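Asks: Kindly generate the complete structure, drawing on both the sequences and the hints.
So the sequence shown is residues 171 to 655, counted in the numbering used here.
Hint data in this document are derived by calculation from the structure and do not stem from the laboratory. You can take every hint at face value.
Here are the computed lysine-lysine pairs in the PhoX-like style, where the Cα-Cα straight-line distance is at most 25 Å:
hint, residue 1, residue 2
1, Lys568, Lys619
2, Lys399, Lys364
3, Lys353, Lys313
4, Lys315, Lys230
Ranges of calculated distance between the beta carbons of each label pair, as one might list FRET restraints:
hint, residue 1, residue 2, range
5, Asn421, Lys281, 23 to 31 Å
6, Gln216, Gly587, 46 to 54 Å
7, Lys619, Ala523, 46 to 54 Å
Model, not experiment: these values are computed from the prediction. Cβ coordinates follow ideal geometry from the N, Cα and C atoms, glycine included.
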Amino acid sequence: MKYVITLLLLSISLITVAQPVVYQGFEVDSAATPRGGMPFLSTFLQANLRKPVAAEAEGKGGRVILSAVIEPDGQPTDVKVVQAFRPDCGQEALRVFSRFRAWKPAYKNGKPVRQAVTIPVAFPANPPFRYENGANIAYYDAKLKVLPDSSDLAQYKQVTPLDANGLPAGDITTYERKGRVWKNVSTTPLIRKKIGDRTDEGIPIYSLGYRGAEGPYEGAVYQVGENGKLIRQTLSLDKGRSGYETVFHANGIVARKTTFGEDKNTVTVWYPNGQIESAGSMDRKNLLYGYTHDEVAAFWDSTGSQLVTNGSGAATYRQSAKSSIDSTRRTDFLERGRYVGGVKQGVWTGRYADGSYAYEEVYDNGVMKQGKSVSAGRDTIRYDRREQQPEFDGGMVKLGQFLGQNIKYPYEAQRAGIEGRVFVSFVVCTDGSLCDYEIVKSLSPDVDKEALRVVKAMSGKWTPGYRRGEAVRVKYSLPINFSLN
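Replies: Next comes the structure, spelled out in structure tokens:
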């Protein structure tokens, strides 16, 4: 019996020892490489790295060296920090690199084998800032010019609470120097608001951003799950003509990066494994929360096979969408078609996996010629325009006339010399009525009230927006001008 036990222990020991060999790059016939090459990995890393706020405050750049083993199935294992200029940056590099699972494994004698790799991860330098007690502290002179420290020139101080990842964590407080004392002069509240949407896992989503009483959101606006996971980050500048939007997968890596432009937005999309999906552009005027690019240079499937090269080839897009049968559920939305010369050509189709919605469109040199769509329980809709913006009956000229004839300048505001523009946002509903009114840029309480009254008086005088032949709700923002001249 003792002999049998000894043999059993010996066999277990031999099994434990006999792990596959880990080769070095020079020992294999073809080395492990990221699909698409190192530039694709570098792009992935730079898109996903979030410099820890303490490191960002210091402002210094540096390099982290990681080691890992690329397994025969292309998955990285045993990822370790070999060298880091800061421990927190080392952990961030480890987090991001571990999620990149789009590798071609090494081969030796015609078989995939394990291979050790060493990867440098760069963190660029950035302008430093003061970070104390969990807050970014900025100083300004009397002309609101940023100062490097709290010197005698500092007239104002702004305190912005941030969490360890750089996300807003509290109200912004502004102080003015009065002798040797800093006096609180204003507070910009951090607005956390539940929005009418959920993640694919059914978790409620909240918007998070700073918003004063007299304007729209200031700086970046975030969408986070109830569990604290970052879902979306948007920074809109110059009335949306510049800025960016980043959308994240459930595993925390970037799903889509959009850079806003004057006429077109450039878009890069990644699969959850880190493999790049596509690089292209979309028309800024699109209403569609669309997935397919209007123009595309390249497209890959999730295994790294390039399906569109130099703007030509077939593509299949897969995203999540609300079911047309039950808006509380989500389903896969698949869209297929060909690109020729970078634009859509021929027949494009889309369908929900649960069968609740489908469309078919015909394109010629990127221009849609005809289309049809059908939702569960409804007749087929035919259309010749993919989408149409909502419009006031009679167009912009009639809208201007309506405002001119109906605005009543508040008397007290005239006496006080108050003039300027009030921005009112609202939703144009599917029947042309208006709802969900909101003052996004204020002038004064009585002027705001008048602007809101006039906008509400326009309800029912709009043609709704259309998407694939079907009326849809569209958010609209309108400036109302109050001038004493």
